[in-house]
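Start from the sequences and build out the full structure, keeping to the hints where you can.
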Amino acid sequence: MIGLSDFLIVGAGLFCVGLYIILTKHNAIQVLIGIEMMLNAAILNLVAFGKYDRFYNGGQMFALFAIVLAAATTAVALAIILNVYKKYKTIDPDQIHELKD
Amino acid sequence: MENFLQAIDSLTIRFALAAVLLPLLAFVVNVCLPGKNNKVAGWISTLAILTSAVFSVFVFSKVWNQHQVHQQQLWFTIGETKVYAGILLNNLSVLMLLLVSLIALPVHIYSTAYMKKDESSKRYFAYLSFFCFSMLALVVIDNLILFYIFWELVGFSSYLLIGFWFTRSKAVLANKKAFIMNRIGDIGLLVAIAILFSVYHTFDIDQLFGANALVRSTTFELPGGWQFVAFGGIALAVAAKSAQFPLHTWLPDAMEGPTSVSALIHAATMVAAGVFLLGRVYPVFTEVELTILVIIGAFTAFMAATIALTQNDLKRILAYSTISQLGFMVMAMGIGAYSSSLFHLATHAFFKCLLFLVAGIVIHEMQHVKEEYDLDIDPQNVLYMGGLGKKMPLTFITALIGGIALIGLPLTSGYLSKDGILIQAFEWSEGKPVLYRLIPIGAMLTSWLTAFYVTRLIVKVFFGEFKLAQINPGIKLHISDGGWQYKLPLVFLAACCLFPLFSLNPFLYEHAWLLNGFPKITGLDRVNIYHTIVPAGLNILSLFVIYWAYAVYVMQKALPFPEGGWLFRVSYHEWYIDKIYSKIIIGPVLALSKSARWSDVNIIDGFLHLLQRIGIAFSKVADWTDRYIIDGFLHLIASIVLGIGNFARSFQGGKVQYYLFSMLAIILAIFLFKILI
Numbered sequence: 001m002i003g004l005s006d007f008l009i010v011g012a013g014l015f016c017v018g019l020y021i022i023l024t025k026h027n028a029i030q031v032l033i034g035i036e037m038m039l040n041a042a043i044l045n046l047v048a049f050g051k052y053d054r055f056y057n058g059g060q061m062f063a064l065f066a067i068v069l070a071a072a073t074t075a076v077a078l079a080i081i082l083n084v085y086k087k088y089k090t091i092d093p094d095q096i097h098e099l100k101d
Numbered sequence: 001m002e003n004f005l006q007a008i009d010s011l012t013i014r015f016a017l018a019a020v021l022l023p024l025l026a027f028v029v030n031v032c033l034p035g036k037n038n039k040v041a042g043w044i045s046t047l048a049i050l051t052s053a054v055f056s057v058f059v060f061s062k063v064w065n066q067h068q069v070h071q072q073q074l075w076f077t078i079g080e081t082k083v084y085a086g087i088l089l090n091n092l093s094v095l096m097l098l099l100v101s102l103i104a105l106p107v108h109i110y111s112t113a114y115m116k117k118d119e120s121s122k123r124y125f126a127y128l129s130f131f132c133f134s135m136l137a138l139v140v141i142d143n144l145i146l147f148y149i150f151w152e153l154v155g156f157s158s159y160l161l162i163g164f165w166f167t168r169s170k171a172v173l174a175n176k177k178a179f180i181m182n183r184i185g186d187i188g189l190l191v192a193i194a195i196l197f198s199v200y201h202t203f204d205i206d207q208l209f210g211a212n213a214l215v216r217s218t219t220f221e222l223p224g225g226w227q228f229v230a231f232g233g234i235a236l237a238v239a240a241k242s243a244q245f246p247l248h249t250w251l252p253d254a255m256e257g258p259t260s261v262s263a264l265i266h267a268a269t270m271v272a273a274g275v276f277l278l279g280r281v282y283p284v285f286t287e288v289e290l291t292i293l294v295i296i297g298a299f300t301a302f303m304a305a306t307i308a309l310t311q312n313d314l315k316r317i318l319a320y321s322t323i324s325q326l327g328f329m330v331m332a333m334g335i336g337a338y339s340s341s342l343f344h345l346a347t348h349a350f351f352k353c354l355l356f357l358v359a360g361i362v363i364h365e366m367q368h369v370k371e372e373y374d375l376d377i378d379p380q381n382v383l384y385m386g387g388l389g390k391k392m393p394l395t396f397i398t399a400l401i402g403g404i405a406l407i408g409l410p411l412t413s414g415y416l417s418k419d420g421i422l423i424q425a426f427e428w429s430e431g432k433p434v435l436y437r438l439i440p441i442g443a444m445l446t447s448w449l450t451a452f453y454v455t456r457l458i459v460k461v462f463f464g465e466f467k468l469a470q471i472n473p474g475i476k477l478h479i480s481d482g483g484w485q486y487k488l489p490l491v492f493l494a495a496c497c498l499f500p501l502f503s504l505n506p507f508l509y510e511h512a513w514l515l516n517g518f519p520k521i522t523g524l525d526r527v528n529i530y531h532t533i534v535p536a537g538l539n540i541l542s543l544f545v546i547y548w549a550y551a552v553y554v555m556q557k558a559l560p561f562p563e564g565g566w567l568f569r570v571s572y573h574e575w576y577i578d579k580i581y582s583k584i585i586i587g588p589v590l591a592l593s594k595s596a597r598w599s600d601v602n603i604i605d606g607f608l609h610l611l612q613r614i615g616i617a618f619s620k621v622a623d624w625t626d627r628y629i630i631d632g633f634l635h636l637i638a639s640i641v642l643g644i645g646n647f648a649r650s651f652q653g654g655k656v657q658y659y660l661f662s663m664l665a666i667i668l669a670i671f672l673f674k675i676l677i
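Chains as they are written, first to last, in my numbering: chain U, 1 to 101; chain Z, 1 to 677.
Misleading hints may appear alongside valid ones.
Claimed, not checked - DSSO-like cross-link-like pairs, simulated, lysine-lysine; straight-line CA separation at most 27 Å: (1) Lys-117(Z) with Lys-39(Z); (2) Lys-655(Z) with Lys-87(U); (3) Lys-116(Z) with Lys-390(Z); (4) Lys-487(Z) with Lys-476(Z); (5) Lys-467(Z) with Lys-391(Z); (6) Lys-391(Z) with Lys-370(Z); (7) Lys-25(U) with Lys-655(Z); (8) Lys-25(U) with Lys-89(U); (9) Lys-370(Z) with Lys-476(Z); (10) Lys-390(Z) with Lys-487(Z); (11) Lys-655(Z) with Lys-86(U); (12) Lys-655(Z) with Lys-89(U).
Read the hints as simulated data drawn from the structure, not as lab findings.
Right under this line is the structure:
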C-alpha cells in the first residue's frame, strides 16, 4: 500500500536531487532542470496532500496552476539563458559572476 | 741728536726689513705668474735679490762696528709673559745679511742661464726666492721662536730644492734623507729653546745672549744637567744643519739638486746656518761643551777630507770638502776662535760657491757632450773629464783661484781665515794635556788632505787630455765658458776669493778687518812663534802635497795609495757610515716599524675585526628576530585577516550557485540550531 509518507519521501528525494543539481552543475540548462525537479517535488507534495480535500480538489488545482506557471517561468528562464549565452558565449553559471558588486 | 740717531736706526731697520721681504715678494709674484717656464720669473727673483743686496750693503755700513740696532714689538702675551718679536742687527747678523744676499745675487744671475732650458724654471726661482727670504729672516730675527720657524723654513726650502727634479728617484730619496736628518736637529733646537725659556722666561736673543747675557748671569743658572741637555740640543741642531758628524750624510746626497742650488744652499749659506747659530748662542756654552764642539768639528773635518780624496763624483768631492770646512768652523768656535770661525764662514762661502758654480758649468758642458754623442756616462764623474782648461779658460782660471783659496795658499782669502784657525788651535792646545795636541795636528793634516783632493779635482777636470776623447776618438769638444750670466758671477766670486777684500796684508790674518767686528780674542796678537811657523810650514808642505798630487794625476807617476787597499776602500765608501746607519739605525727602525705594522694588522686590527664580528653576529640575531618573530607576528595577523576576508569575500563571489549554497547552508544551520536548542 502506497501511503502519504512514500510520496513525501519521493518528493523530498526529488527536492534533494534538484538542489544537488542546482548547486553542482556547470550548465545553466541543467540548473534549470534541477529547478524543475524541485518544483515538481513541491507539486508532488501538493498532489499528495490533495487527498485531504476530496471535495474541492484544491491541492490538485493548485498543482495544475503551478505546472502552468512552471512552464511559463521555464520559458522565461530559457530566454534569459539564451540572452546570457549571447552576451557571454557561455552558460556556465560559474563563469558568469557579474552579479557581484 | 737723540732723535736723529733714532731716525737713522728706524731707517736701518726698514731697510733690513725690505731686504728680507723683497725675496718673499718675488716668491709670491713668481707663484702667481702664468706658465711653467716663464722667463720673467728669473729676472724678478734676481731683481729682488739685487735690491736686497743693495739694502744689505746700506744696513751693513750703518751697523758694522757701530752700535747694534734692535727694535721689537709685542707679539703676544701668555699669562704674564710678554713675547716680543723684532729685528736685531748686530755685527754678526749684518755680516750674515750681507754675505747671504751677496752670494745669492751671482747665483741668481747664474741660474737664469743654468735653468733656462728647464721646463719648470718658474718653480725653481720661486723656491730660490723663498729660500733667500727664509735665510735672510733667520739671520736678522731676534726671537728664538721665529728663529726656529725660519730655521725650519730654510730646511724646508732646501728640501724642496734638493727634490726639485722630483721625477728622479735619487733626488726624492736625497731630499727625504736631508729632511729627516734635519728634523733630528730641529728637535734638538726646539728642546734647547724650551729649556732656555723655562729658565729665563724670554725668547729674546739679545737678552739671552747679548751684551748682558742672561745665560751668563749668576742670578738664574741653568741646572747642570739641563744646561748639558740644552747644549746637546743645540749641538744636534748644528750637526744637522751644518752637516757635522754624525748627521752629515745628507749633504753629499743633497747634491742631487740643481748645481746652482748646491752652490747657494749646500755650500755657502744654509749649511753655514749651524755655525751662525753657534755664533748667536755662544755665551751659553761651558768649557767642557766647547771641547766637545772641538772634537766634533775636528773629527768631521778630518773624516770628510779623507772621503773627498777618493770620490769620483765632482759634486760629491765638493760636498765633502764643504763638510770638512764646516768642521773647521765648528772646531774654531769650540777653541774660542769666534771671529776666525765667522771669518772662515765668510771666505768659505765665496770660494765654495765659486767652485760649485764652476762644477755646474763643467757638468752642464759634459751633459751637452753626453747628449750630442748619445753616450752612457755620468756627466758628473771626474774620470771622464780632463783637459777642459783649454776649452774653458775663464772657468779654469776661476776654478784655480777658488781651489787655491780652498787649499789656503797665500794671497787668497782662504789663507787668511784657515791659517788663523790653525794658529789659534795650536795656541788652544798649549798648556793642555798631550791628547789635546791631536786637534791642531789633525787640523793640519786635514789641510794637507784638502790640498791633495783639491789638486786632484782640478787636475782631473782641467789638466791632461780629455779622457772621453781617448776612449772614443770620434768625440770633438766644442764647449765654452758660456754666456755672461755664467762669466759675471764667476769673475765676481773669484775677485771675492782674493785677499784685498778681507785684508790689505795678504800674509797676516790678524789684519783682516772682519775680525775687528767681533769680541777681541787673544789670538790676534803675534805673541808666539805659531803665528809664523804654522802658516809657513803649512803652506810649504801644502805646496809639496800639491806637487805630489800633480805628479800622481798628470804625470801618472805613482798612486798615493793602491786602489783596493783598505784605506782606499774606507775612503771610497765614505767610512761606511751610510752602511753602518742602514744596519744600526735604519734596519732596526724598519724592523720596529714592521713589528708595529704586524701588531697593527694582527693585534689592533684583529681586535677590531673581533669587535666587528661580534657586532655582525649581534645584528644577525637582531635581524633574525626582526624578520621572523616581530615581522612573523605581523604577517600572522595579516594572514588571519586575509583569510577571514577571503572567506567572507567568497560569499560575494558573484556566482549564483555559491549564493544558493550559502543560503542552503544558512537555512540548514538555522534548522540545526533550532533542533539542537
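Outcome of the hint check:
Proximity of Lys-117(Z) to Lys-39(Z) is assessed by CA-CA distance (about 10 Å); at most 27 Å being required, the pair is judged to hold. Between Lys-655(Z) and Lys-87(U) the CA atoms are separated by roughly 16 Å; this keeps the pair inside 27 Å, and the hint holds. Restraint check for Lys-116(Z) and Lys-390(Z): satisfied, since their Cα atoms lie roughly 26 Å apart, inside the 27 Å limit. For the proposed pair Lys-487(Z) and Lys-476(Z), the alpha carbon gap of about 23 Å is at most 27 Å, so the pair holds.
For the hint pairing Lys-467(Z) with Lys-391(Z), the CA-to-CA distance comes to about 14 Å; that is within 27 Å, so the pair holds. Taking the CA atoms of Lys-391(Z) and Lys-370(Z), the gap is near 16 Å; set against the 27 Å cutoff, the hint holds. At roughly 12 Å between alpha-carbon atoms, Lys-25(U) and Lys-655(Z) fall within 27 Å of each other, so this suggested pair holds. This hinted pair checks out: Lys-25(U) and Lys-89(U) have alpha carbons roughly 17 Å apart, not beyond 27 Å.
Using a Cα cut-off of 27 Å, the hinted pair Lys-370(Z) and Lys-476(Z) holds, with the two alpha carbons roughly 12 Å apart. A distance of roughly 16 Å separates the Cα atoms of Lys-390(Z) and Lys-487(Z); the hinted pair therefore holds under the 27 Å criterion. In summary, the hint linking Lys-655(Z) to Lys-86(U) is supported, as the alpha carbons are separated by about 18 Å, within the 27 Å threshold. The suggested pairing of Lys-655(Z) with Lys-89(U) holds, with an alpha-carbon distance near 16 Å, which does not exceed 27 Å.
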